Amino acid sequence: MKKKISIIFIFMLVSFLICGCSAEKKNPDKNNVNMASNSEIDIGDPNSVREVYSGGDCVAFLANGNDLYISTENSDEIIKYKDGNEETRYSLGEGGMHTNLCISDNFLYSVSYTDKGLFLNSFNTANNETKSFELDHSITSVLSMCAVGEYVYAITWDLDNYRKYDVEKFDENDDYCNYGELIYKINTSDGSAEKMDIPNIVCLAEKANGIVVFYAYDSEGGYYFTEYDCEKNKFSEKKYNNNFKYIFSFAADGDTILFSDLNNAKVSSSGISDGIARSDIAPNIWAKSGNDVQFSGGYCYALDSMTGNVFMAPAVSAQKNKAPIRACISELFNGELPTCGHTLKNEHVSDEEFCLKILANDSDYDLCMMQTGQPFSIELRNKGAFYPLNDVPYVKEYTDALFPGLKKIAVNENGDIWMLPVSAEVVSILYDDEMCSKYGIDIKSMTCEDIYKAGKKLYSDESLRESFAIRHLVCANCMIEQYESLMLSKGNEINYDSDTFRDICRILTEYSNSDFLQANLKNTSDRYDSFIFSVEAYNMDIFSDKVSNFNVAGFPLICEGAKQTGDCQYICVNANSDNLEGTLEYISSYCKYMLESKNTFIFSDKSRYTDIDKPVISGLYEVYSNADFTYRFPREVFEEDYIRFLNEEISADDFIKEINRKVNMYLNE
Amino acid sequence: MKNKLLKWNTKCKLCLLPSLLGTLVFFVIPYLRVLYYSMIDNQFRRNFVGFANYAKTLQNKYFQLALLNSLLIILTAVPVLIALALAVSLALSYGIKKLRALRTAFILPMLIPTASIVLIWKTVFTGEKTPLPIYLLFIWKNIGICIILLTAAFTSIDEALYEAARLDGANTFQLHIKITVPMIMPTVFFSVLLSIVNSFKVFKESYLFYGSNYPPDHSYTLQYYMNNNFLKLDYQSLATSAVLTSIIVFIIVIAGILLQRKWDA
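Chains L and A are the protein sequences, given in the same order.
The working numbering puts the first residue of the first sequence at 1, with every later residue one more than the last.
The working numbering puts the first residue of the second sequence at 670, with every later residue one more than the last.
I should point out that these hints are in silico values taken from the structure, not numbers from a laboratory.
Do not take every clue at face value.
Stated by the list, open to error - Taking beta-carbon pairs under 8 Å as the criterion, some of the chain A residues facing chain L (in silico):
#  : residue
1  : Q712
2  : F713
3  : K725
4  : N729
5  : Y731
6  : R835
7  : L863
8  : S881
9  : Y883
10 : Y894
11 : N897
12 : N898
13 : D903
Unchecked claim - Coverage of chain L stretches by chain A, computed from C-beta distances (three or more under 8 Å per stretch; other residues unrestricted):
#  : stretch
14 : 348-361
15 : 372-381
For clarity, every value in this text was computed on a predicted model and none was experimentally measured.
A virtual CB, placed ideally from N, CA and C, is assigned to each residue, including glycine.
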């Protein structure tokens, strides 16, 4: 019997040791990477992007080795620059502004818009001979163009009959729209044009060796690339890739594509077969026409439509030797990180998958991005799930430069910098002082209820219903979060049974079904013409000239001692990453890049904001600098009771009793 | 002969091996891993903290509430369940013949999906402020298995024993006290233990009934505590409470076995 007991005991001990020792204990100190020798990062950051034309009036350009051809607005000449110096000026064709410049052999081509119509011009640089062909009258605009041999390939549309055409989509969420684009193959010797059979053409680019890459869309697979061999008149198989979505302009070099990412106002590079792993080539560039991104001699050239200048940046760089940084992103995070000389590969996952990846100590991701509003954020913070960034170059400077509220949440209870805030959102009120005074609204001294009262008053005048907007859900969340943040600052219990919270409940029920909550600003470019105020989480127009004379105030405080609350999106480094060194290098580059950037509302130094003198920017700065960025617990804890309360199925007392019980149970169990 | 016996023993052990392996892989090792998790600060740093997690859990008022509620189910619902099961089994074994035709009806609660039952329960017990619906649902769901076991126990008693006792002059009361009760006692013990173990598993009925991870205090059981800690990624509290629950169940089962052995003696 004793023998049996000892055998069982030994067996259990061995099993215990096996399962206990099977996962190696990860001590971040052991994996500590010495960053001191890797602090020189300069590829892909703004310092490597050069302005090669700064006249501010360029409408089209062509890069060809050391030669740069520029066409300017209000000029019918094309200027050739060699090694940065003006060499020649060409007058082509029938006059008019020249666009869509391209070159093949010794021939320079352009499209010019004249009173007589649209002309395709060619200029023989060897003998200065010019030719012009009037294009068919159905072609009123050329979107993009390239020349191979004696043919010019042009994507055109008819502006006079401009309309949206119905197209069968591959996925109903695809962003493709057809406005009648057609692709023509134009013979430059006689000007004859034939339509090419590529329906739903989006863009094109010339590749080496007489190949033209077309980017189009079909209902079978969505967006695709296909290569056309100009000599053999043959198309390659379609390579479907829906990762790029609609592209306005691109250039191709082998499998590499340089493309204009208008969503993020930058030029990026990726693989034609890939599309997920991307590198930023030139940030803050708005290249919106078909020939505005070009590749020549290992460099990417791009025309910024906003400034009218041409920029140049290395297209192929040390990025090739670096493993891509794999970012695991929660579905809620929409933004993109600048690549800072690295290649980023983003994987968007659901919250459950996200948590599983982190808790399983996976090594197949390097960074993760989430936000403070996600309930598991605070749990992961306290567990030391991520690599501490204290010793990474530029991180300390980065966190020291943050708003106090953001700096506080970036450091955990052990003093580790466990995450880097990348963006923040604080609910604020954008308002026009003059209009508010006209209607007797004093935004700065408003209470929470006064916002609703103001909305009710303005809504009674039909002409003002598109001049203001109050998002009830935003206001309700604001009030509740302010209250919770105030309570939690005093301890780990929240008492909802107070006059302040009862007041919030009263406001919520009194106004939840009011008509004026339907009021909204116009969704057109003149939305601010008769603007009064709006309560919003984030306003994309904040840097626009249209709002420069407006003002910003924080959401009213619910009581004394309360603070505005906000959300923060942030990134963390996976301590188990198998590319830890590269990832930390990226973090360092990122911090350095952000410290040099302007107008990012996470930094406390006012000199980082170019228009800080404008009331709208200084107002927003005040809001962000005083805000509390807190981790939140899930609303699902009391959501059902909240809905029943708003629908008046339960009284305020019952709601308060339940929310008190459930929330405190959540916080303390 | 001895060699034959040894060979036979070896064959038996080999036959047991797959089952033992499964038990090892799916029960023993995971349990030991849970034990390990309950003794570290978190699964990333993995610093050994001894019994600190246990102290923290035992002092947690919500764990105490959950434990109390779980024990209340044992103290109130299980005796009622066993009493009802005994009564019905007696009736089925010795009572009204017509009742025997309804035997199948007592098994049906085990077969009906819980979600369907809860829908009906919610209509019947709207606005109920006590845990009565959950207790009744627990009894209703588990009575079938207890009836099966007890009926089998009753019907397995040899008639010859009763005959012999009657011949010896025993009256009906003595027959049941001296023969029936001792004969069915092992099955009663087993049913009680089974019901106690099942009472710890009461969760989905309660979850579906209240529709929330935070039911009223009177229905907040250990399963809720563990489930909520799982959702909050607090695996240390989850592991600790799971180990504590297993210890409690183990103590109850051992106590039951010892009591039964004493009874048999």
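Evaluated hints:
no.	hint	verdict
1	Q712	holds, 7 Å
2	F713	holds, 5 Å
3	K725	violated, 11 Å
4	N729	holds, 7 Å
5	Y731	holds, 4 Å
6	R835	violated, 44 Å
7	L863	violated, 25 Å
8	S881	holds, 6 Å
9	Y883	holds, 4 Å
10	Y894	holds, 6 Å
11	N897	holds, 6 Å
12	N898	holds, 7 Å
13	D903	holds, 7 Å
14	348-361	holds (count 3)
15	372-381	holds (count 4)
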